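Chemist: Residues per chain are reported as follows:
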Amino acid sequence: MINKLEADSLKIGKETLKSRLFIGTGKFSNNKKMPEIIHAGNASVVTVALRRVDQKSTEENILDNIPKDVILMPNTSGARTAKEAIRIAHLAKAMGCGDWIKIEVISDNRYLLPDNQETLLATEALVKEGFTVLPYISPELMTAKRLEDAGAAAVMPFAAPIGSNRGLRTKELVQILIDEIDVPIIVDAGIGRPSEAAECMEMGAAAVLVNTAVATAGNPLKMAEAFSLAVAAGRTAFLAGTGRVLSAGASASSPLTGFLRKEEA
Amino acid sequence: MPAKSYLEEKQQYNGLDFADFFKKVTDDDILRVLVKDKITRMDFLKLLSPIAQKHLEEMAQRSRRDTIRNFGYTMQLFTPMYIADYCDNFCVYCGFNHNNNINRRCLTMDEIAKEAENIAQTGLKNILVLTGESIKYSPVDYILEAVKVLRKYFDSVSIEVYSFSQEDYVRAVEAGVDGMTMFQECYNKDIYRTLHPGGPKANYEYRLDAPERACKAGLRNVNVGALLGLNEWREEAFFTGVHADYLQHKYKDVEIAVSTPRMRPCSAGYAPRSIVEDIDLVQYITALRIFLPRAGLTLSTRERPQMRDHLVKMGITKISGGVTVAAGGHTKGDDDGQFEISDPRSVAQMAQMLYAEGYQPVYKDWQTLI
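Listed in order, the protein sequences are those of chains P and E. Number 176 in UniProt numbering belongs to position 176 of the first sequence; there are no gaps in the numbering. Number 67 in UniProt numbering belongs to position 67 of the second sequence; there are no gaps in the numbering.
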């Protein structure tokens, strides 16, 4: 019998992931705490803003604090256009960061909402170059469809604006992406609590990415662990098939389709 | 229709009587503002009112929360590098005033490289270049040539110099400049005129429009500010915040930041017209954060160490270290600076303080893509 976990494992690009939790690194109080936190959360993928990577620094190179047993996913934070995102992806590759890239193109500094059009352009170009591309988007079906067609390895819609910890505000739209898009949907940004991560997973999201919720927790280590448990619980619930929840509205006292059976008789 | 310029935008407040507005603000008003998610410009002004000081702890708590949510437990480090202090202006409060008898310097490209080498050893990967305003000694070409040299040592270069034309800001972007800082110094036009009696800086409108020209030219970061002490601070604080809000709304792709410099003694010997107490500065910084949760807030060594150590916990996102405010100061030491600094700590000492306060010091936050 195949191990159930293996059977359910998430595959992105050429990689089979050991868990469905991704962790962001931009907001922690000390980069040296990262390995412990990543392990506490059993994260499979860790994203790092290339803008912050300082390879010349002996003490402050964040890459030195990313464990070898996770997948490194550099991101293009700071890019305002597709051109800048592509340039950053090239720099990441030149630095030896592998071929995964999270496309983040943001030209709105008030809410940090992604620019879907530029993100699509960058994705198209980088997929052609052989990158494993995970674009971060405002949840919108047509954009997600075009990204899928362009060869994105996954699509990452936000739950709420980055850093807002407001939870799954885009639930309806994310559900549509989960239902209609064939590549994995990874909910990224805005998730404030483990219960919200569990909810995303119950809905059928392939994985979730968190940063602020863990980094700003009273005890980041415990919170990483909590997210790990929540993601696993939500996934198991999804696989189990959640119970039928009837929507509001009374059912008619006599069956509406009873006449069909009468006719049969 | 959005306003064409901040000058136009600002006109809607021409009739605003600050004293009268503040008189009407109540404790309830402040409490109502503090529970709102997103506050308006007039809410911001309420938070700047004298009565809001009674609620300073709540403001500080909210400011800290908003800052951590948006920026995490991280703090950007930077240092200024003065490369020339010749100046054609007559700003009455500034050590570089044309009439001041100081030893003027204008660094050669070799001297700039030497300074850069010394600063780079601290681990900083970004640099802020400053000059006085001198057509003869520090023209745009000289500054851009210096930028070329500095890019060999730093991943990102910003400038805090005189107002450029939009074409010159475009040239700066092409030369690899990522950011600019431009203090209006004083948003009150009448007082501005008395403080800037001569030289190109006497043109209030041209300076007021400089940050917007920089946004249009494609700079990534634009930092505004008023020099506190030149006018009643609450009015200046309001117009600074509204300036940042105006730019942030209109130029969404530009990261807008605000500095809150308080006047320091300098060789010009000018006494501040209005005294800004510590409690006022805390009120200003926390009100700004609540009003503009995503704006960078920069803190200089005009503040003393104890004050800076407290302020990093309630709103600040960027702080300087290893500071000298004299041209060539990173090689030759600090004399004849623009003003007296209050915090002499090195970059390493600042990093140490940040770690102790639970913050990750950020030495590099961008890499020029040109």
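Just so you know, these hints were derived from the structure itself, not from any lab. Owing to the predicted nature of the structure, the values given are computational and were not obtained by experimental measurement. Just so it is clear, CB atoms sit at the ideal spot from N, CA and C, and this is done for glycine as well. Check each hint, because a few of them may be wrong.
Beyond 12 Å from chain P on every Cβ pair, some chain E residues (computed) [said to hold, decoys possible]:
| hint | residue |
| --- | --- |
| 1 | 19 |
| 2 | 68 |
| 3 | 205 |
| 4 | 232 |
| 5 | 344 |
| 6 | 354 |
Using 30 Å as the maximum straight-line C-alpha spacing, the simulated DSS-like pairs for lysine-lysine come out as follows [said to hold, decoys possible]:
| hint | chain 1 | residue 1 | chain 2 | residue 2 |
| --- | --- | --- | --- | --- |
| 7 | E | 216 | P | 171 |
| 8 | P | 83 | E | 332 |
| 9 | E | 152 | E | 136 |
| 10 | P | 83 | E | 148 |
| 11 | P | 33 | P | 128 |
| 12 | E | 332 | P | 56 |
| 13 | P | 14 | P | 68 |
| 14 | P | 83 | E | 152 |
| 15 | E | 4 | E | 189 |
Chemist: Which hint numbers does the structure go against, in order from smallest to largest?
Modeler: Numbers 2, 6, 7, 8, 11, in rising order.
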